[in-house]
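Chemist: Given chain B, work out where chain G should sit, using these hints.
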Amino acid sequence: MVDAIAVRGLVVDRGGRRVLHDIDATVPRGSVTGLLGPSGSGKTTLMRAVVGVQVVAAGTVTVLGAPAGSPLLRHRVGYLTQAPSVYPDLTVRENARYFAALHGRGRAEADRAVADVGLATAAGQLVGTLSGGQRSRASLACALVGEPELIVLDEPTVGQDPVLRAELWARFHELAATGTTLLVSSHVMDEAARCDRLLLIRQGRLIADDTPEAIRAAAGVDDLDEAFLRLIRAGQPDDQTGEA
Amino acid sequence: MNPRILSATVTRILRQLRHDRRTVALLVAVPTVLLTLVYYMYADQPTAPGQPSAFDRIALVMLGFFPFIIMFLVTSIAMLRERTTGTLERLLTTPLAKTDLLFGYGIAFGLAGAVQAAIASAAAYWVFGLETAGSSALVIMIAALNAVLAVALGLLCSAFARTEFQAVQFMPVVVAPQLLLCGLFVPRDEMAGWLQAISDVLPLSYAVEALQEVGAHAEPTGTMWRDTAIVAAAAVVALVLAAATLRRRSG
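Respectively, the protein sequence lines represent chains B and G. Read in order, the letters of the first sequence are residues 1 to 244 in our numbering. Read in order, the letters of the second sequence are residues 1 to 251 in our numbering.
If you are wondering where the hints come from, they were derived from the structure by calculation, not from laboratory data. Ideal Cβ placement from N, Cα and C applies to all residues, glycine included. Any given hint could turn out to be false.
As the list claims (entries may be wrong) - Sample of chain G residues at the chain B side, in silico, Cβ under 10 Å:
| hint | residue |
| --- | --- |
| 1 | Gln16 |
| 2 | Glu89 |
| 3 | Leu92 |
| 4 | Leu96 |
This is chain B alone, in the form it adopts within the complex:
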């Protein structure tokens, strides 16, 4: 089976600094892959490269068999930016309907996407009047509404209460079970355990690309947080070149 995402030798410079150093990674189809790393490690830059809005210095990013950013992929990829990118002066429903229309979907799909993120009761509210957590769920609804084959989510669960977070992760796995591929970034380690595969990135370098079980086994500990610490210590010595 062809991978949903194949990154080869990816190098990205931003503002004169190297943000991603020669990244090689793959994301299998029909899975939830976690992109973990501290703030400033290059997660967002890698995601931007995958959705094709990032200028890259070297390397290739292949998404669903086509170069990242190809016009044909725009129907097949959904992207949630880290800051909620929805219109604050529209209601939740109006936002969802607009993004649905861009993907050739109708009102029913828009209403379903709003319900899926637990905003059915707030559908008629202006996004600008919502709480931060609700706003980012409104943004999430707009990423899901096109029913894309690949969904790239930049920190979708920040600011959500634990019950909602569990519901969202259950929804991600439902989508994966139907063949959708999800790449989800987080800096919360307890979410790492919910992923089928993990990419751990630090200072612009990939330091792990495996299943959570394999990462635990390799580090010889049960706790993923601890496992990552050991991987980092076992990896490169201190290197302060990357920040983004």
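Modeler: Leaving out everything else, chain G in the frame of chain B:
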């Protein structure tokens, strides 16, 4: 361009405007309030025989100018918000074409400008007794075209602004010279040659001349149509340039 995406974008922009009731109220009321000021400023000024009154001369140009300045500002800020809130980046990962977005703004705010011009014209003709030899429909058409031109220039200028402060500064840069040199204050053919040359490349000069043609002639003149075509062409050029400044990939 895709008709479904274009119409969804126009609808979305108009919905945003509709939710902002204060802006709608200002769009509708401000031109009429300003026309009232102009009316009373010139109420006691003598009119030379055979000439249009000062109010008729100025109000006619103002009808075209209001949509121009207001839609320029509204568009600059709206587009800057798309950039700074991340909605633009997100839109560019969807099937939306750049022209869907730019023409969406052109159509939506062009419509808003047409409504604004129609209301201001109704006040000018019915309340203040504005007299033009030509049809009021032509005045509204030229004013609406000015709105589209302003939207196009606003979209283009917003590419060069990183903050709202910068975006607002483009208003005096882009709008003020066009107002000063359009022929309202000093007739264009009485200006120094170099000022005329500048005036000749500013699109508002042609819009004002077209309005003056409507003011002076009962039937649409060839000059009016030529000027209208120039304004429309300038709007298309600005939209195409604006499309060129929109990059799907950034650093």
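Chemist: Just pull the numbers of the violated hints for me, sorted ascending.
Modeler: Per hint list: zero violations.
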